[in-house]
Amino acid sequence: MKKTISLLLVLVLVFAVMLTGCGAKATPAAAPTETPKAEAIKVGFIYVGSANDGGYSQAHDEGRKYLQEQLGDKVETIIRESVPESSEVEKVINDMIDQGAKVIFSTSFGFMDFTEKAAKAHPDVKFYHCSGFKSGENFNNYFGAMEQARYLAGIVAGLKTETNKLGYVAAFEIPEVVRGINAFTLGAQSVNKEITVQVNWTHTWYDPAKEKEAAKALLDAGCDVLAQHQDTTATQQAAEEKGVWAIGYDLDTRDSAPKAYLTAPLWHWGKYYAAEVQNIIDGNWKQVNYYGDLKDGLIELAPLTANAPEGAQAAVDKAKASIIDGSLNVFAGPIKDQTGAVKVAEGSAMTFEEMMSVNWFVQGVEGKIK
Amino acid sequence: MEALISFLAAAIVAGTPLLFATIGEIITERSGNLNLGVEGMMLMGAVMGFMVGMMTGNAALALLAAMIAGAFGALIFAFLTITLRANQVVSGLTLTIFGTGFSNFIGQPLVGQIAPEGIRLFFRPYTIPVLGNIPVIGPILFRQDAFVYLGYAASILLGIYLYKTSKGLNLRAVGENPGSADAVGINVNLYKYVHTLLGGALCGLGGAYLSLVYVPAWQEGVTAGRGWIAVALVIFATWNPYKALFGAFLFGGLDIIGFRMQGLGINVSQYFIDMLPYLVTIVVLVVVSMKKSKENAPPKGLGNAYFREER
Numbered sequence: 001m002k003k004t005i006s007l008l009l010v011l012v013l014v015f016a017v018m019l020t021g022c023g024a025k026a027t028p029a030a031a032p033t034e035t036p037k038a039e040a041i042k043v044g045f046i047y048v049g050s051a052n053d054g055g056y057s058q059a060h061d062e063g064r065k066y067l068q069e070q071l072g073d074k075v076e077t078i079i080r081e082s083v084p085e086s087s088e089v090e091k092v093i094n095d096m097i098d099q100g101a102k103v104i105f106s107t108s109f110g111f112m113d114f115t116e117k118a119a120k121a122h123p124d125v126k127f128y129h130c131s132g133f134k135s136g137e138n139f140n141n142y143f144g145a146m147e148q149a150r151y152l153a154g155i156v157a158g159l160k161t162e163t164n165k166l167g168y169v170a171a172f173e174i175p176e177v178v179r180g181i182n183a184f185t186l187g188a189q190s191v192n193k194e195i196t197v198q199v200n201w202t203h204t205w206y207d208p209a210k211e212k213e214a215a216k217a218l219l220d221a222g223c224d225v226l227a228q229h230q231d232t233t234a235t236q237q238a239a240e241e242k243g244v245w246a247i248g249y250d251l252d253t254r255d256s257a258p259k260a261y262l263t264a265p266l267w268h269w270g271k272y273y274a275a276e277v278q279n280i281i282d283g284n285w286k287q288v289n290y291y292g293d294l295k296d297g298l299i300e301l302a303p304l305t306a307n308a309p310e311g312a313q314a315a316v317d318k319a320k321a322s323i324i325d326g327s328l329n330v331f332a333g334p335i336k337d338q339t340g341a342v343k344v345a346e347g348s349a350m351t352f353e354e355m356m357s358v359n360w361f362v363q364g365v366e367g368k369i370k
Numbered sequence: 001m002e003a004l005i006s007f008l009a010a011a012i013v014a015g016t017p018l019l020f021a022t023i024g025e026i027i028t029e030r031s032g033n034l035n036l037g038v039e040g041m042m043l044m045g046a047v048m049g050f051m052v053g054m055m056t057g058n059a060a061l062a063l064l065a066a067m068i069a070g071a072f073g074a075l076i077f078a079f080l081t082i083t084l085r086a087n088q089v090v091s092g093l094t095l096t097i098f099g100t101g102f103s104n105f106i107g108q109p110l111v112g113q114i115a116p117e118g119i120r121l122f123f124r125p126y127t128i129p130v131l132g133n134i135p136v137i138g139p140i141l142f143r144q145d146a147f148v149y150l151g152y153a154a155s156i157l158l159g160i161y162l163y164k165t166s167k168g169l170n171l172r173a174v175g176e177n178p179g180s181a182d183a184v185g186i187n188v189n190l191y192k193y194v195h196t197l198l199g200g201a202l203c204g205l206g207g208a209y210l211s212l213v214y215v216p217a218w219q220e221g222v223t224a225g226r227g228w229i230a231v232a233l234v235i236f237a238t239w240n241p242y243k244a245l246f247g248a249f250l251f252g253g254l255d256i257i258g259f260r261m262q263g264l265g266i267n268v269s270q271y272f273i274d275m276l277p278y279l280v281t282i283v284v285l286v287v288v289s290m291k292k293s294k295e296n297a298p299p300k301g302l303g304n305a306y307f308r309e310e311r
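The listed protein sequences correspond, in order, to chains A and B. Mapping to the numbering used here: the first sequence position 141 is 141, numbers consecutive. Mapping to the numbering used here: the second sequence position 243 is 243, numbers consecutive.
Treat each hint with caution, since some may be false.
[Stated by the list, open to error] Residues on chain A that point at chain B, a partial pick, calculated with CB under 7 Å:
1. Asn52
2. Asn200
3. Ala209
4. Thr232
5. Lys259
[To be verified] From chain A, some residues computed to sit far from chain B (all C-beta separations above 10 Å):
6. Gln70
7. Ser82
8. Glu88
9. Glu90
10. Lys91
11. Lys117
12. Glu213
13. Pro303
14. Thr305
15. Ala306
16. Val342
17. Val344
Keep in mind the hints are simulated off the structure, nothing from the lab. Think of the CB as a built atom: it goes at the ideal place given N, C-alpha and C, for glycine as much as any other residue.
Same shape as in the complex, but just chain B:
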């Protein structure tokens, strides 16, 4: 039992960088923009967050820098695809290449350095009173670091925003059918810009969790492909922030379960386990497309540039 609890608690930690990147990409795709630059934006956030953290020792400034860096990456993408109406897939892939190079370049003098004491203390696990003492659930969910709590809050707030506010409704309209949204007076380009940037900022935070809390040190390519898992997770969560919360922790668990199984002497190939997140995503895709439910379908306008003249 204790082993199971410690495994699930570790799964939450492993899932947190995925969670930020996934809800960031959800909010971006809800506006009809398919930004495949998640990995790049995560790396930009990771390196800038780490650098500012090293310079100031201040956790809030480090997080702010990570968000700005991620949003800056998203701004490049937004300018290319919204204003210039460039191909979204190509632009997103470009952003990943750019973000990787950018982080290696900026991070070169930082390689191998450890996050400063102040930041590591700020992000040490903190037990929430009352909630943290609930048996089983408490130690898994409520004895984590502040960043994890921020992740819970961000996904719930995004869910409320998306499904319970008029702005959220507008956003969904923009993603489904920008032509109709434009016709009822929604500023399509503004919505696309704001939410793509917001998504980038969240991806930046996901990267910063890796470099500032999880590792916590700067190493080249610290995300190691997690941005791509997040892109798969968006599909897994069917563009729903609440499901993303569950999905991210499930994928986090899949990421680390191999090590626990090795310890128990269960002989399953690590390579098979590495494959699982993608396999699960394919299964979800198949199930979702067979059910043909509108709720689980991707935003209709996803991947297309919006031309008012071609409405």
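Bound conformation, chain A alone:
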């Protein structure tokens, strides 16, 4: 008898915990600062991390805040954080549509297929998916030329290093990450021919302890400027403790590693969000996939800190101006791969498709893809 009762109690507790667990996540941190008017358009944002993760999802949330600020009471935003890259996405989207959402921004690569399915089921709602390659009648994808900002960051790192060895803590062997490493390396080589870039793979976007270990291994190997394609500041912490330098990502995190931080390639999603939602309000929505760049202000290199070397600001400004006016293409030939074979001939440049599927490192990168 007692056994049955205690088993029952445990089960009750399990369910209670599961419910509260879901409850905590399900609480939409809806942030309509003023009471929206009846005609306000409702926009849903879905994040893979928490809205203040200090990285990727927070960058999107800053964009959402900008949208809210710009359009004021014409728009009402709702968000859902820490959504797993599974069929849960569809549930979240349906829930948002039930709440009256007319626009959905789904911001992680792994949300793509579920977003596509939901888009087919809800033709009256406009869908946006970030960093993927699918689109449809009521479904746009959007992303940006982060390689341009990575190239600029490479210039800063190339001028700063004393050992001529740069380190790069990277998450997964996918084209987006490889493209960033190549651009960073080419940027560094544009100011310092001797540069090598050592890459350590973590196989996670988000595991601060692991990221820090990867960073420490690079530091012990003699790297004195670290860059990262990870979602936490652990790499910068490792550099700070060792007394060397680091370049962030996603957000300007100068306060979390004040002695190490040089700069960071940043996303500014806000302008795009505001422009697109305004188009929808005006009835001018079009099926256009978007790949923003430095010129649009979608991406940027954060202002250099006092840790940055002398002359770096001038070099960055010059390269930035050339990228914006089109005279400098980050992936213009001649580019050799790790074996020394010419991959991009002089006078030509990588096409958009080649960039999107790149699976080889440029010369000077130390590390393997798979």
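We have chain A; now place chain B onto it with these hints.
Below, chain B alone, put in the same frame as chain A:
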């Protein structure tokens, strides 16, 4: 050589959160309680330690909070399994789910914040005089932070307690055969409660090492599965705190060796290396069960609730 020393020193740091969780779970399992809530208790300790550290800037208070939080998690488990005699496996898994939700909820406003300067200074590496200057061993073992030294001390003290004191003998008796222990006048439930709570407090410290020293920042799910590695480590160490000391640093080394090998251009899949701790544990299990030595066997009463009436 220098690369090897820096790798081994980093292995000690990577192994320290595992060490606390492992000796915590050893002391719990020695009392006959299989608490699978290690991951949950680590997260509870990590978030409470970090929060109190942020509020007070005091390292001692932060550690105390982490221990209380871990012990609180263990108290839930102890009440369910000792007083109510609920299934230990189910209760432990529940505790992991609860601890994860609890830490995400409490930690939400703290995400991405960095531990305060005072605490980071308190836990900076400190060279122990004389010992720290021994070649090779010194830089690996004795140029670490205070938390690591606490880990050495805790496992050695636990070993002495377990094998050299009468209370330790009583504890082992409770874990092996609670019926006989009860018959000779040992308060079985008291022993189970005290050591389950103590184990929880140690798991909490393991979590706090991650959030306060290792990272040092609060991020959701900061333990990233280390609690489960600790459960495997208990088996690897055959419920012996001294072996846990060695095992934790070995597993710490396995955790980070992939990054060092990438640097040397050795091409081994990271996924294979991630598998190694578990593979090693299986090998140990096989070897131990083939040898059938009593010393290396799990406590006999492990996983069973004790009913005096059914003795």
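Now the hints, each set against the structure:
no.: 1; hint: Asn52; result: holds (5 Å)
no.: 2; hint: Asn200; result: holds (5 Å)
no.: 3; hint: Ala209; result: holds (6 Å)
no.: 4; hint: Thr232; result: holds (6 Å)
no.: 5; hint: Lys259; result: violated (12 Å)
no.: 6; hint: Gln70; result: holds (25 Å)
no.: 7; hint: Ser82; result: violated (7 Å)
no.: 8; hint: Glu88; result: holds (16 Å)
no.: 9; hint: Glu90; result: holds (23 Å)
no.: 10; hint: Lys91; result: holds (19 Å)
no.: 11; hint: Lys117; result: holds (27 Å)
no.: 12; hint: Glu213; result: violated (4 Å)
no.: 13; hint: Pro303; result: holds (20 Å)
no.: 14; hint: Thr305; result: holds (16 Å)
no.: 15; hint: Ala306; result: holds (19 Å)
no.: 16; hint: Val342; result: holds (23 Å)
no.: 17; hint: Val344; result: holds (25 Å)
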